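Trainee: The listed protein sequences correspond, in order, to chains A and B. Residue numbering for the first sequence follows this note's numbering, starting at 1 and increasing by one per position. Residue numbering for the second sequence follows this note's numbering, starting at 1 and increasing by one per position.
Source of the hints: derived by calculation from the structure; they are not laboratory data. Fair warning: this is a prediction, and the values are worked out from it, not measured in the lab. Possibly wrong hints are sitting among the right ones.
Claimed, not checked - When the alpha-carbon atoms are kept at most 20 Å apart in a straight line, the in silico DMTMM-like pairs for lysine to aspartate or glutamate are as follows:
no., chain 1, residue 1, chain 2, residue 2
1, A, Lys245, B, Asp236
2, A, Lys101, B, Asp193
3, A, Lys168, B, Glu92
4, B, Lys101, A, Glu182
5, B, Lys168, A, Glu66
6, B, Lys101, A, Glu69
7, A, Lys101, B, Glu66
8, B, Lys245, A, Glu65
9, A, Lys168, B, Glu170
10, B, Lys168, A, Glu69
11, B, Lys245, B, Asp193
12, B, Lys168, A, Glu170
13, A, Lys101, B, Asp160
14, B, Lys101, A, Glu66
15, B, Lys245, A, Asp236
16, A, Lys168, B, Asp160
17, A, Lys245, B, Glu170
2 protein chains.
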Amino acid sequence: MTADSQSAREFLDSYDPGDYPAVALTVDLVVFAVTNGALNVALVRRGGHPFKDALALPGGFVGPEESAEQAAVRELAEETGLDLGSLPVHVEQLATYTGPKRDPRMRVVSVAHLALLATDGRVLPGIAAGSDAAAAAWHPVHHLLRSSDLAFDHHQILQDGLGRLAGKMEYSTVAARLLPNEFTLTQLRAVYDAVWDTTLPAGNFTRKMMPHLTDTGRKSRAATGGAPAALFTAPDRHIHPPLAKPTTSPGR
Amino acid sequence: MTADSQSAREFLDSYDPGDYPAVALTVDLVVFAVTNGALNVALVRRGGHPFKDALALPGGFVGPEESAEQAAVRELAEETGLDLGSLPVHVEQLATYTGPKRDPRMRVVSVAHLALLATDGRVLPGIAAGSDAAAAAWHPVHHLLRSSDLAFDHHQILQDGLGRLAGKMEYSTVAARLLPNEFTLTQLRAVYDAVWDTTLPAGNFTRKMMPHLTDTGRKSRAATGGAPAALFTAPDRHIHPPLAKPTTSPGR
DNA sequence: TTAGTTATTGTCAAAGTGACGATAACCCTG
DNA sequence: CAGGGTTATCGTCACTTTGACAATAACTAA
Numbered sequence: 001m002t003a004d005s006q007s008a009r010e011f012l013d014s015y016d017p018g019d020y021p022a023v024a025l026t027v028d029l030v031v032f033a034v035t036n037g038a039l040n041v042a043l044v045r046r047g048g049h050p051f052k053d054a055l056a057l058p059g060g061f062v063g064p065e066e067s068a069e070q071a072a073v074r075e076l077a078e079e080t081g082l083d084l085g086s087l088p089v090h091v092e093q094l095a096t097y098t099g100p101k102r103d104p105r106m107r108v109v110s111v112a113h114l115a116l117l118a119t120d121g122r123v124l125p126g127i128a129a130g131s132d133a134a135a136a137a138w139h140p141v142h143h144l145l146r147s148s149d150l151a152f153d154h155h156q157i158l159q160d161g162l163g164r165l166a167g168k169m170e171y172s173t174v175a176a177r178l179l180p181n182e183f184t185l186t187q188l189r190a191v192y193d194a195v196w197d198t199t200l201p202a203g204n205f206t207r208k209m210m211p212h213l214t215d216t217g218r219k220s221r222a223a224t225g226g227a228p229a230a231l232f233t234a235p236d237r238h239i240h241p242p243l244a245k246p247t248t249s250p251g252r
Numbered sequence: 001m002t003a004d005s006q007s008a009r010e011f012l013d014s015y016d017p018g019d020y021p022a023v024a025l026t027v028d029l030v031v032f033a034v035t036n037g038a039l040n041v042a043l044v045r046r047g048g049h050p051f052k053d054a055l056a057l058p059g060g061f062v063g064p065e066e067s068a069e070q071a072a073v074r075e076l077a078e079e080t081g082l083d084l085g086s087l088p089v090h091v092e093q094l095a096t097y098t099g100p101k102r103d104p105r106m107r108v109v110s111v112a113h114l115a116l117l118a119t120d121g122r123v124l125p126g127i128a129a130g131s132d133a134a135a136a137a138w139h140p141v142h143h144l145l146r147s148s149d150l151a152f153d154h155h156q157i158l159q160d161g162l163g164r165l166a167g168k169m170e171y172s173t174v175a176a177r178l179l180p181n182e183f184t185l186t187q188l189r190a191v192y193d194a195v196w197d198t199t200l201p202a203g204n205f206t207r208k209m210m211p212h213l214t215d216t217g218r219k220s221r222a223a224t225g226g227a228p229a230a231l232f233t234a235p236d237r238h239i240h241p242p243l244a245k246p247t248t249s250p251g252r
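The task is simple: from the sequences and hints, build the whole structure.
Mentor: This is how it looks when you write it as structure tokens:
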């Protein structure tokens, strides 16, 4: 009803880039990996103000010729030193954070992404600080969310990322993206336990999950004594009926 | 590992807004409403190039002091002439579209939003073109997705919006946001039928949905002959176990 | 009053669930 | 190489949920 209400599409026809306030477009990454029964997130420590010395999600600018997802993959490699050529990684868009005051210096709009790194569940992928000075390290997610504060609105973004992953694991096989291509049901259950912060009963988990996986016919070498487990791969399928995430105590 | 790999947060400390290519930040809206057993989406017809005369989602620029969600609500009012003061409306972020070539003229990043308008299921909210020249009108979604093409990547955005709504209806009471505050189970089932493009059996739907709703104690006047139906309100709750969306034929 | 229409409840066989026990296959130690 | 510890997988059982559909109840219109 004001002059502003002119349609954006119409407006663009006569739009001069210089007319509008600059918006910096960035990506932030919630990078998850599982070890030793715990879900971990990759964080960097900030070197400069604001939020100097605080922990923050890795991220960076979206280049002029990139999509946000391309920028996310590039920044993941650059800021953590991960070799994405060999390491399977799942990247998906999470949400976009646009609060006009979320960065005190200027308008920064960040497209947050969720990245899942495959591990064998024992050793975290080695991450090192990129070419910048900030140090990169893994932090246990559930512990972090209870105690620590992160720079900017990154606490919220991390919480949203965890919520997305936890929710999607109810109706999809996305948890397998945190494991090698071939994995056992016990490994997969360990991922569920780590993300949901619970302890699922093994027998029932097997019964419900197995029909959604593909049996490779191979068996895992029983490293620790015990029967060898069948190795599965996970087709990118929907799980029906979905697995229920226990609300408080394990067991609905 | 090039100079670009410098951390974004670090980089911002010495960032000069003029240094970077301009990014136009916009919102696009997928506005849904149900009538007569069909899901409808609000579209405007473009007046100028590119995509002149094509159908497009309503949208517009994000102002310098607004969040994307605030801009979405404002544009919804401005472009469709809807009075949001009286009409209950649900708005949530959908996804952000960042392809560098999605607008041929310049870099336009659009934060798409899903908006659900409450109707009694019989009459669509009157929408009129805003102050711009474009005409706004309702279009049946399922028919549209099969046939027509939309401007820019709006076909994809619409598809994503429908997918989000359809998915969320499995495990939440969000479908009730397409109905007045108080509604009958038959009205709610009509929403499911319209969005999922299916026909759910009435008896079983009642059995599964009722425990998640709040009975007002009131009854609807049976307008068309038949027993009066109980009026419910929907607390913003999770549905557990979720409703299964039939894959092909009605009935799992 | 009666026929038509609709909401809600009931029924029943089949499938799914949580809890947990049984079995089998492996490793390690002695 | 025998036996104990460990682990994966399958089986069982009482209980719940499901899909399909029938039955009943409550209204309107004629």
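Trainee: Compare the structure with each hint and give your call.
Mentor: Comparing the hints with the structure gives:
{"no.": "1", "hint": "A/Lys245 with B/Asp236", "result": "19 Å, holds"}
{"no.": "2", "hint": "A/Lys101 with B/Asp193", "result": "42 Å, violated"}
{"no.": "3", "hint": "A/Lys168 with B/Glu92", "result": "18 Å, holds"}
{"no.": "4", "hint": "B/Lys101 with A/Glu182", "result": "38 Å, violated"}
{"no.": "5", "hint": "B/Lys168 with A/Glu66", "result": "30 Å, violated"}
{"no.": "6", "hint": "B/Lys101 with A/Glu69", "result": "14 Å, holds"}
{"no.": "7", "hint": "A/Lys101 with B/Glu66", "result": "9 Å, holds"}
{"no.": "8", "hint": "B/Lys245 with A/Glu65", "result": "39 Å, violated"}
{"no.": "9", "hint": "A/Lys168 with B/Glu170", "result": "13 Å, holds"}
{"no.": "10", "hint": "B/Lys168 with A/Glu69", "result": "24 Å, violated"}
{"no.": "11", "hint": "B/Lys245 with B/Asp193", "result": "10 Å, holds"}
{"no.": "12", "hint": "B/Lys168 with A/Glu170", "result": "13 Å, holds"}
{"no.": "13", "hint": "A/Lys101 with B/Asp160", "result": "29 Å, violated"}
{"no.": "14", "hint": "B/Lys101 with A/Glu66", "result": "9 Å, holds"}
{"no.": "15", "hint": "B/Lys245 with A/Asp236", "result": "18 Å, holds"}
{"no.": "16", "hint": "A/Lys168 with B/Asp160", "result": "16 Å, holds"}
{"no.": "17", "hint": "A/Lys245 with B/Glu170", "result": "15 Å, holds"}
In this structure, the earlier hints numbered 2, 4, 5, 8, 10, 13 are contradicted, and the remaining ones agree with it.
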